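Using the hints, put the two chains back together into the complex; each one sits in its own frame.
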Amino acid sequence: MSSRNEVLARIRTALGTERAPVPEIVRDYRTTDERPAEELLDVLVDRLEDYKATVLRCTPGEIPATVVAALDTGLPAGWAPADVVVAPGVPDPWRPAGTAEDDGRPAVELADFSATVVGVAVAIAETGTLVLDGSPLSGRRALSLLPDCLVCVVIADQVVGGVPEGLARLERSAPLTMISGPSATSDIELSRVEGVHGPRTLVVVLVG
Amino acid sequence: MTVVDLGMPTLPHAPRGVGHLRGNRPFPDAARDALRDGQLRANLGHATSTIRAKRAAVVAEVPDWEQLRAAGKAIKAATMARLDAHLEELERQVTARGGTVHWARDAIEANAIVTELVRATGVHEVVKVKSMATQEIGLNEALEAAGITAHETDLAELIVQLGHDQPSHILVPAIHKNRAEIREIFLRTMPEVDPGLSDDPRELAMAARAHLRERFLRAEVAISGANFAVAETGTLAVVESEGNGRMCLTLPRTLITVMGIEKLVPSWRDLEVFLQLLPRSSTGERMNPYTSLWTGVTPGDGPQDFHLVLLDNGRTATLADEVGREALHCIRCSACLNVCPVYERTGGHAYGSVYPGPIGAVLSPQLTGVEDNASLPYASSLCGACYDVCPVAIDIPSILVHLRAEHVEAQKHATPEAVAFRVLAKVMSHPRRWRMAQKAAGLGRLLARGRPTMPAALPPPASRWTQSRDLPTPPKETFTQAWAREHGS
Ligand code: SF4
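If you're matching them up, the sequences are chains A and B in order.
Numbering-wise (numbering that gives the first Met the number 0), the first sequence opens with residue 0 and increments by one.
Numbering-wise (numbering that gives the first Met the number 0), the second sequence opens with residue 0 and increments by one.
Chain B extracted, bound-state conformation (with noise of 0.2 Å):
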């Protein structure tokens, strides 16, 4: 598994300085900075886990979860194989039913081309439906900066935006907020809110309803991501819950769809295979509310005016790598966020991209080329929690592992950090032998005193890591243990 090929072919990356794949800070020190604030995890641990629970009894209810399981990978691993057909297939489809098609290599020609399509329609404000690809290229900054204005629709997403924050979780962008502090930015933002509002869910949901009804019912353009695209029939799906998708893709003169490439299934018949697998694997429902399917453009319903902007923005290179392609094999249900005893105590925002928790340390990396995320491919605990509820399979942990022999390899010279990561690397690729470095760890805190960082107490070639960098003090529990004890093994 720590076999590099050398001579995989090297494509362009996402490019650096435009959109969310790379933090300010390695994923080390901004994880120990989240670990220190109480609230976060206390929420973080109350969200995820009411939401393993749920999806817990409505998979075991499913007889042939596994058979379904199986089919959606093989799914996805036929269509990355034959994935240029499939594309233009797509655009063939789209286009015959009177959709315009536009391709973006990366982030920033993706942004000019949204900018222009909404100008020419000579509106200054769009409405949004969630989607992570367009939070992935900084879509809402571009726009901005062509005086554009952005409305996000979605509960979660809307929250974010008022508050200034950043999204931290795939599927509730706010999971690192509590009802309490929810309450408290829709006071500050919202002027037209009753003052007397409390925290309750259904007071707070109503209070977004009203908050944009009006923008709904006078957009005039939306954007939106997509689910799945299906090749054979042109047919565009967005699955959600409030309704904010249906009033986006129904509401206005023009959509906008952008959508990674490798977010499209060959055949009609996948979705039936999807559509079973990725709502009880996100919000843990038999079904979610709403599922809009839709086919270029119909006369009398709908937008007239249809886009699809198909993105690589790293893909292409993702895909050239023959085991860290199976990351694009991803519905984005974020279940592996959901289980992922690291994300539950760090949060998403820890990962500094908008792609965090398992899946997010696996993708990210790959997006930006691995020197960019260099430390995303070491934050987890190999504990195999993510493949276990992965719907599609994705094996998380074999492609961290993989990842993290290419960090090595990447390091043109011996750093010590180069030195230290190849131990690390060697140590962390059997799971035995990780758990039992982790015990060794333990040792570490007894040398440490009680101290919050340990001085060079690691035996060479580690200490001359930790002579220039203070190395946290091990917890008492690994997240491995830590995990154990709390659901069992």
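Chain A on its own, in the form it takes in the complex (with noise of 0.2 Å):
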């Protein structure tokens, strides 16, 4: 018997021939939040900082001034344009002159940059959760990772309540990453550490 038949089979003689009806799943826990909209950014605000993330709030026009202070915050004074690099999708407006663009070179080399600029798909408020999901918007996953500072553009439309809101926008097939501040370690003595392999500075620009 191949392993995959046989390991079927040990499960069916484990479970028996009659077997017991499939449980009930309550879903009784929360779904919605009726918060107002405004409470759930200040909520968002409050959970990316509480994470060492850096948040800037603006309304659209702003956008453009806002990323670039986003960038003098996370980068050494004096940091080039062409260290910086933005998702295909990202729309002109948000990026500052002399940026490149991820052209789909090797993924490797995208070390080389010092920033990344992107979009997200969905922002959760409760856990200070952005969600990115591959779209040209967001970027491939490398993008979002080997530049040491990670700048995300939120808008206020994107951001919902709780998790099973967050999960219910998604595209299931997409390579999803949640991201919930800066890279960080417990592993010495379970104390929460910020910066290790992935971006070491989070900038959030919440438009809105």
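Hint data in this document are derived by calculation from the structure and do not stem from the laboratory.
Note that this is a predicted model, so its numbers are computed, not measured.
Glycine included, C-beta positions come from ideal geometry on N, C-alpha and C.
Misleading hints may appear alongside valid ones.
Example chain A residues on the side facing chain B (calculated, C-beta under 10 Å, incomplete) [said to hold, decoys possible]:
1. A13
2. I24
3. T58
4. L144
5. P163
6. G165
From the structure, some residues in chain A lie toward chain B, with a derived Cβ separation under 10 Å [to be verified]:
7. R29
8. L55
9. R199
Okay, structure coming up:
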């Protein structure tokens, strides 16, 4: 018998011929959040700052200047636009002049950039989570991983209350990355330290 | 609860001689040594009390925690009830999205499959994301025997690997080391490290970053585990903090994921429950820094060759036990370790298995067969703290009692051990009786009059057992009493 058929046969033996009915799953936990949008934005900011991310809020018209301010925050003084790479679907106003676009070069070459600017698919307020979905706006996964500073632009209507609402909005088969703060570790004495292999600096531009 | 269903089908357990599910010594012997190690106890006490407080705070802010917990339990029970159908669906979905699914009856077969897959790529080194399943099967040793070097990339795993040590905690395998000890390991084993390295956790984390950066960038093959797999969509999930997981899941050309068959959930929606339960229970965070979800292969993004190895290794034998199968619901958050008064004092190594603590005490004996881990079901005071914190509400104390009874039944002859264990099992099957017996053991200390072990001071039939074995002098305080004193009851 193949391993596959044997493992499946073992499961059938283990469960017996007269199987018990499948237990009902009661989903009486919260699946919506009725709080006003403005309040959700405040919750998101609070959570992100708790993770030691920096949040800059602005109006739609202020995005270009705020992205530059975000890079000023995350990079050493005198940074060059050529050291910044953006996802291919990032709108023009979000791109400071002179930045590079991810052109599909070998992924490891993205490590040569100092910072990345991307958009997100959804943001979850309660957990301070930004979700990237591999679309042209979010970029491929390596793009938000290798440069040491990550700038994410979040539009107010992308913000939902909790995890169930966030997951429901996503394209399920896309390569998804849920990001909650800069990379961190709790491996030394179970105390959290920010900044290990992923970007050590996370700056969020929250629009609206 | 002590009734054993002798009509239970027996299925093959995890094989002997491979992997890390069995210790060299019974728990009481190993625990006695661990208890003498003051540094170990201090390290564990510090780490577990930190995480307990963090967990309690972030759980308390979730108003529907109990509803999520009940849903988590029900989803896992529903998964197990139709495990065959869900696995077949997972296989269909992963295959349809360009992945390849392999099935492994046990550790030996899983190791062979992975070794062959790595060999086929022609490389001699791989990067690894922390994974309990691959530790369980001893994959690193199997790869090494085939001339393939496996680089652990999780910080704690790296500390364990560089220190030629064994993991002692599910989430933080190096929890038994403090910052000064970690610094010493880094100075000794990382040739490039600055000799002025301090023991500041931030500096230590930076040293690990520098040490692994080049390895990530040149890696061609990665090996991971999985926290969840969604049958309906074929999606795999890895939950992590450092970004080492993302490096491994994103940069190499080939990705091999080894996953126990119990890790899947039926539907996409089920993730909304577990992605809330897991981070708050494990690291005490509202959400862990990174969760990666991928479905098969995505052109232009990440590994283009994806293999999923589905592992049995004693899980179907566990599934056959109607009481014990609940241990398969575990999402490896490690909350039960962090609250366990026994674990906090003995540490993880005493359990002899990669799965220590309360969950290990019920899982390891079922994966190996209870005769190979006979002392583990007794490695608990049945205080119930593990059940209270478990995000999927696994009734660990009841499974412990069930396994004790099973162990006693399994004794073919009425050996002194069998008799003594039978008495113990009976006493331990009831928390109040157990506490009374522990108080009685307090009397035993007086009888022993300060000698390190207590001679045959117990009444028959237990005296027949202690005649040939030294029974450790009962401590001044039982775990339960110490727990009640330190934490309130
Ligand atoms: S048994 Fe429960 S508390 Fe323990 S590690 Fe598993 S899920 Fe967590």
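Taking the hints in turn, this is what the structure says about them:
1. Because the beta carbon of A:A13 sits about 4 Å from the nearest beta carbon in chain B, less than 10 Å, this interface hint is met.
2. The restraint placing A:I24 at the interface with chain B holds, with a minimum CB-CB distance near 4 Å, inside the 10 Å limit.
3. Among the interface hints, the one on A:T58 is violated; its C-beta lies about 28 Å from the nearest C-beta in chain B, farther than the 10 Å criterion.
4. Checking A:L144 against chain B by beta carbon gives a least distance of about 5 Å; that is within 10 Å, so the hint holds.
5. For A:P163, the interface hint holds, the least distance from its beta-carbon to any beta-carbon of chain B being 4 Å, beneath 10 Å.
6. The beta carbon of A:G165 is positioned within 10 Å of a beta carbon in chain B (closest approach about 8 Å), and the interface hint is therefore held.
7. Given hint, A:R29 at the interface with chain B, holds; its Cβ is 5 Å from that chain's nearest Cβ, closer than 10 Å.
8. Look at A:L55: its Cβ only gets to about 20 Å from chain B, farther than 10 Å, so that hint breaks.
9. Taken as an interface hint, A:R199 checks out: its beta carbon lies about 8 Å from the nearest beta carbon of chain B, inside 10 Å.
Comparing the model with each earlier hint shows violations of hints 3 and 8; every other hint is respected.
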